[in-house]
Amino acid sequence: MKIRVYSVILLTVAILSGIGYLANLPSPSNATNQALRNAETSLFETQDKESQSTYIVQIDSSIRSDKQVVLSHSQLSWHMQLQTQAASNARLGQLSNISYTQDSQPVSLVSDLPFKVNYEQHRFEQLDLLGLPKEHTLQVTKQLFDLLSYDLTQPLVIDEAQRQATYRYQQTDNRIVRSTVEFKYHTANHKPEKEQQAWQLLLAPSGDIEKLSYINTLHWQQQQQKYIVEQSVNVVKVANSFTVLSAQSSDANAHIKVSQSPTVQREITDNASFKEALLELKESLSVAQAKVVGHYLVEHYSAYEIQALLDEMPHFSSAIIYSLQKLQTPQAEAILVDLIQFEQTSDLDKHKLAMALGRFGASSALSLQTLQSIAALPEHQVANTALLSLGTMAYFTPEQAVNVKNYLQQNISEQFNLSTTVLAVENSKDPSLLAKLSPLLGSADDSAKLNSIKVLSKHTDYQDQVVSALLASPQPKFVAAFTRTMLETGEALSAANKARLKQLQSQTQNPVVRKKIAELLEEKAG
4 MKIRVYSVIL
14 LTVAILSGIG
24 YLANLPSPSN
34 ATNQALRNAE
44 TSLFETQDKE
54 SQSTYIVQID
64 SSIRSDKQVV
74 LSHSQLSWHM
84 QLQTQAASNA
94 RLGQLSNISY
104 TQDSQPVSLV
114 SDLPFKVNYE
124 QHRFEQLDLL
134 GLPKEHTLQV
144 TKQLFDLLSY
154 DLTQPLVIDE
164 AQRQATYRYQ
174 QTDNRIVRST
184 VEFKYHTANH
194 KPEKEQQAWQ
204 LLLAPSGDIE
214 KLSYINTLHW
224 QQQQQKYIVE
234 QSVNVVKVAN
244 SFTVLSAQSS
254 DANAHIKVSQ
264 SPTVQREITD
274 NASFKEALLE
284 LKESLSVAQA
294 KVVGHYLVEH
304 YSAYEIQALL
314 DEMPHFSSAI
324 IYSLQKLQTP
334 QAEAILVDLI
344 QFEQTSDLDK
354 HKLAMALGRF
364 GASSALSLQT
374 LQSIAALPEH
384 QVANTALLSL
394 GTMAYFTPEQ
404 AVNVKNYLQQ
414 NISEQFNLST
424 TVLAVENSKD
434 PSLLAKLSPL
444 LGSADDSAKL
454 NSIKVLSKHT
464 DYQDQVVSAL
474 LASPQPKFVA
484 AFTRTMLETG
494 EALSAANKAR
504 LKQLQSQTQN
514 PVVRKKIAEL
524 LEEKAG
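Those letters in the sequence shown? Residues 4 to 529, by the numbering used here.
Hints are computed from structural coordinates only; laboratory data are not their basis.
Since the structure is predicted, the reported quantities are computational estimates derived from the model, not experimental observations.
Backbone N, C-alpha and C fix where the C-beta goes; we use that ideal spot for every residue, glycine too.
Check before you lean on any hint, since a few could be wrong.
Stated by the list, open to error - 27 angstroms max Cα-Cα, derived DSS-like pairs, lysine-lysine:
id : residue 1 : residue 2
1  : 119       : 194
2  : 187       : 137
3  : 145       : 194
To be verified - Label pairs and their in silico Cβ distance ranges:
id : residue 1 : residue 2 : range
4  : 331       : 143       : 28 to 34 angstroms
5  : 311       : 495       : 38 to 44 angstroms
6  : 480       : 71        : 29 to 35 angstroms
7  : 383       : 478       : 53 to 59 angstroms
8  : 199       : 505       : 31 to 37 angstroms
9  : 129       : 364       : 22 to 28 angstroms
10 : 490       : 344       : 41 to 47 angstroms
11 : 290       : 88        : 25 to 31 angstroms
12 : 364       : 253       : 28 to 34 angstroms
13 : 480       : 505       : 17 to 23 angstroms
14 : 471       : 115       : 58 to 64 angstroms
Take the sequences, apply the hints, and build the full model.
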């Protein structure tokens, strides 16, 4: 890129020098003047063509169930022009031919989008989308330029959606690959179970970016539900369709409206259209469609009839329950409560119903008391799920947070189902409840202690207490849980705690403990 900019500067100087020289000559003929103007225009066009690159960008995103059923899919693509500026790191850019579909439905965005970005030492920085609303879909351009950046001299830190990532880059011939150095999650509780990613950049002989291939697969679990989120990004350099880009005003994109996702609210008039709406909901998980289905159920079916539907249509049971959850009306809540209490409701559906009540978002005392009564019965099929969902309720329904907090505090005091209560506290995301878990690090209940280590290890403020608990009782399962949590969350290990763990490593005779501490110290040292 530096060579190209230098050539542009030389061309500019040559033209300006020629113009200055011609000003001192006798006035030539009109034909000669026209020829000179044509020559100047040709030189400027050559200059701009040499300083422009055009790329085709395609971004595919999908959500699948753990059984590989596609729940949602979107595709976003555009042509992108980048134009260097003489004697500057700045680039003028423009997106054009923009196309966006979500679940096979086209979404209208904008015909073209001008922008500015700096490029220095292989890094794109200071992207300026010229006033584009922050919620707009094309804000994803920032992530694209992060993917197109690299640094061969030192690790590169990139702020991603849920975390801060540090990558190391290595070049072989014209191929660059990257490896992960560290992930630091902004919220310890929000991280995938598993992640796979592949990133590769190919360079042209000139050093320009020729092609980017990137794919990222995340495996998530929420309560009993597992799903897979996959995103692929492909960028390919193509023949430049030359169009001179000019600087735009700082608010050139401020007028653009935030794109709205398509919501197919299928009208339900009979049993056939009801089944079509359920299928649509199952595939899209659209909240708007869920409310349409939920409203139809509440208006046309009793709780007993809906329970029969769950048995008759097991493939749609999740969609039916989800529709009632998203409706968020007292009638929908009452039906969910009835369904979880019916003996004929299957155990699997009762698990789903308990989670729906926890995530209802407008839970009344009815949901709270129902889940509490189920959680109080250790022999109940969904007692643990009900307890976990009570913790979730504190987060999704702030109006019930105090009641849930008092309930969980009482469980801790009475040592009732301690191990699951610890996980319910984590679901509540209540800092004051987390503090109640510290004494459980010394609990005689191994399950409660193990879960407390897992939960508190995600929070730096409790690291000293967790390490003290490990030193007091260095059982392999406790040390392994601590190591796994620290590596998964990317939490930093303090120097003092590194020293304490090294001392434990040197003193213990247990090979598993030594190995797990070694894994942790080696990773944190890197």
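| query | So which of the earlier hints does this model not fit? | reply | Structure breaks hints 1, 5, 7, 9, 11, 12.
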